[in-house]
Structure formats: C-alpha cells, structure tokens
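Colleague: Sequence:
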Amino acid sequence: MDRSSFLKNSLLASGALLAGNAVLASTTTSCNNDIAIAPGKPFNMNYGPHDGMFKNSAGANFLDQIQFMYDQGFRSIEDNGMSSRTPAEQEKIGNLLAKRGMAMGVFVLDKGGNGANTLAAGKQEYIDIFLKGCRQAVEVSKRCGGKLATVVPGDFARNLPLDIQNANVITALRKGAEILEPHGIVMVLEPLSDTPDLYLRTSAQTYMICKGVNSPSCKILYDMYHMQKNEGNMINNIKLTWDEIAYFQIGDNPGRNEPTTGEVNYKNIFKFLHERGYKGVLGMEHGNSRPGKEGELRVIEAYRESDKFL
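Read in order, the letters of the sequence shown correspond to residues -25 to -1, 1 to 285 in mature numbering (1 follows the signal peptide of the UniProt record, and there is no 0).
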C-alpha cells in the first residue's frame, strides 16, 4: 500500500472524517445550578478535548465528560493517558465514541517518559522498551479505536555526534513502524519545547526523521504551542512539512491555554488548515485560562469564536 493511501485509510479507520455527524441531534446540558451551556452544533474543524477539561461541568467521570463534549458540538477527544487505563476503561471509552460517532485522537505510546530511554543513544535496552510500547499500543488501539500514538524519542545523547544520533533514532523508529504498520496505526513524532535536552525540537528536524524512516506509520505531530515557542512562522513551516503531518495539537502562547488568550491567531490557522483540506483531529492539549465552570464555558466560547473563519 502506498504511503498516502495508508494514511488516508488510517485516519478513516480512526473516525477522523466526521462530516456526517453534522446532522446528529444534541441535547441541552446544564452546568448544575450555575452556568447553563446551550447545546452546540458541530464545529467546522474537528477539535478534540481531553479528560478533565470539563470536569466542573460534567463531573469527574470521563464518560460523562465525553457526553458533555458531544453535546457542545465536539466530535472527537484525545487522551494522553489512555495506555495507563485498564482494558475495561479503554473499551468503555471506545464503545461510547463509536456510539456517538466521535473520533479518538492521540494517545501516548508508553516508552518510559519524554526524555527517558532515549532512542538517540542506540542502546538495545532502550529500543526494547520502545518496541514493548509499540506492541502495547496495538492492543490499546483495538480497545479504544485510536489509530494515532504519540512518540517522543527522548533526550539528546550528547556523547555521540548528531548524525549518529539521527541514524539511531531512524533505525529504532523503523523497527517500531514494522510492528504498527500492519494494524494501520500511525506513531506521530512530537517535537517539544519543554527542555533543551529533548532531542526532537523542530518541524524540519522531525520531517527529516520521518523521511528517513520512510513508513506510513511514522508521521509528525505538529503541536502548535511547542512550535510557536521553538520556531514560529507556523503557517509556512506547516506548508514545508505538510506531506508528513498526521496530527495537530493546540495551545496558545504564552500560558498554554485556549485560543484567544495569547499571541497565536488561531482563527487564521484554522482557516488555513481548512483550506488545505485537513479533516483530522485537532487535539486541545492545553489548560483553561480561568477556573471552574466559568473557565470551561470560556473554552467553548473561544473555540466558537476561533472557528468562525468561513
């Protein structure tokens, strides 16, 4: 199967193309006795909230939160911690998403932490931990329906030349892709800004790694919060790396909160992605700028505002 067909089929399998959901009915949701949030129609883009984002409005149970998200017009979720949930929890979430016609965005592939067990070092014990995470991701995917797994290669191995580190990362990721590809799962590599020790830093570097791996199961997770901090010039850099991007995440800067709280013009970026034909999930990997139910209402309002680009 060629790379473009594989990625298209993988996204279809994950429920990323959700245009038909626009006709689904919503029910009124009340934030207990305080703020009443009217039911919302689906957004133009497919934004995916996470566990805890609406806990004050919907309660602590993630299933109740997912129903609340649906009622407000969201048609997907992401869940970084999916791999650490029990198999029964994973199945319940997957079943509810299927029932509501919602997509599952990314979950984090368990390799021991962002900086730990770095693939840049080329050590077999680190590679074994990563490959164990790949095999686990296959089982998680079967239960929750997710086809996208976040991978952070780890820290720099500063005792080695950079090109050797690049080769080590590419070699390890190829082995992981061999496990994931038969199941239509895409590992998405995420460059981060958390610390300069992290090996993966920019979209261009990640693009080079994906080209080196040369597999439909290895693509880019373009987290716009991190990329605004590390490189800026986002629309142009997205254009340059477009053919290797499988997923986007959102977060304004500074603060890593909802759109409209920082310097990023998300309305323009969403319009650009819409015009480019992106139909996948946009993960809402950020906090709420205000506490409580008021803050949760503000998140919804911010997305309604930023989604008005047509």
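Hints listed in this document are in silico derivations from the structure and should not be mistaken for laboratory results.
We put the CB at the ideal spot given by N, CA and C, even for glycine.
Please note: incorrect hints may appear among the correct ones.
Label pairs and their computed distance ranges (CB to CB) [said to hold, decoys possible]: (1) Phe247 with Ala179: 24 to 30 Å; (2) Phe247 with Glu114: 34 to 40 Å; (3) Pro136 with Asp169: 22 to 28 Å; (4) Pro266 with Asn240: 37 to 43 Å; (5) Asn243 with Glu114: 22 to 28 Å; (6) Gln99 with Lys254: 35 to 41 Å; (7) Thr61 with Ala179: 36 to 42 Å; (8) Asn19 with Asn208: 23 to 29 Å.
The calculated lysine to aspartate or glutamate pairs, modelled on DMTMM-like cross-linking and capped at a C-alpha distance of 25 Å, are [stated by the list, open to error]: (9) Lys16 with Asp26; (10) Lys98 with Glu64; (11) Lys117 with Asp172; (12) Lys246 with Glu276; (13) Lys150 with Glu100; (14) Lys186 with Glu156; (15) Lys254 with Asp218; (16) Lys214 with Asp282; (17) Lys107 with Glu64.
Colleague: Give a verdict on every hint.
Modeller: So, going through the hints one by one against the coordinates:
Restraint check, Phe247 to Ala179: a C-beta distance of roughly 19 Å breaks the suggested window 24 to 30 Å. The hint said 34 to 40 Å for the Cβ distance between Phe247 and Glu114, and at roughly 36 Å that hint holds. About 24 Å separates the C-beta atoms of Pro136 and Asp169, a value consistent with the hinted range of 22 to 28 Å. Checked against the hint of 37 to 43 Å, the pair Pro266 and Asn240 fails, with Cβ atoms roughly 26 Å apart.
At about 40 Å, the beta-carbon gap between Asn243 and Glu114 misses the expected band of 22 to 28 Å. Between Gln99 and Lys254 the CB atoms are about 39 Å apart, so this pair conforms to the stated range of 35 to 41 Å. Our hint of 36 to 42 Å for Thr61 and Ala179 holds, since their Cβ atoms are close to 39 Å apart. A beta carbon spacing of about 24 Å between Asn19 and Asn208 agrees with the range 23 to 29 Å that was offered as a hint.
Between Lys16 and Asp26 the alpha-carbon distance is near 21 Å, which keeps this suggested pair within the 25 Å criterion. Of the supplied pair hints, the one linking Lys98 and Glu64 is violated, its CA atoms being roughly 34 Å apart against a limit of 25 Å. For the hint pairing Lys117 with Asp172, the CA-to-CA distance comes to about 34 Å; that exceeds 25 Å, so the pair is violated. For the hint linking Lys246 to Glu276, the alpha-carbon distance of about 17 Å falls within 25 Å, and the restraint holds.
Among the hinted pairs, Lys150 with Glu100 is consistent with the structure: their alpha-carbon atoms are about 14 Å apart, no more than 25 Å. This hinted pair checks out: Lys186 and Glu156 have alpha carbons roughly 16 Å apart, not beyond 25 Å. A C-alpha spacing of about 14 Å is found between Lys254 and Asp218, which places the hinted pair at or below 25 Å, so the restraint holds. Between Lys214 and Asp282, the direct Cα distance comes to roughly 21 Å. Compliance with the 25 Å bound is thereby established for this hinted pair.
This hinted pair checks out: Lys107 and Glu64 have alpha carbons roughly 21 Å apart, not beyond 25 Å.
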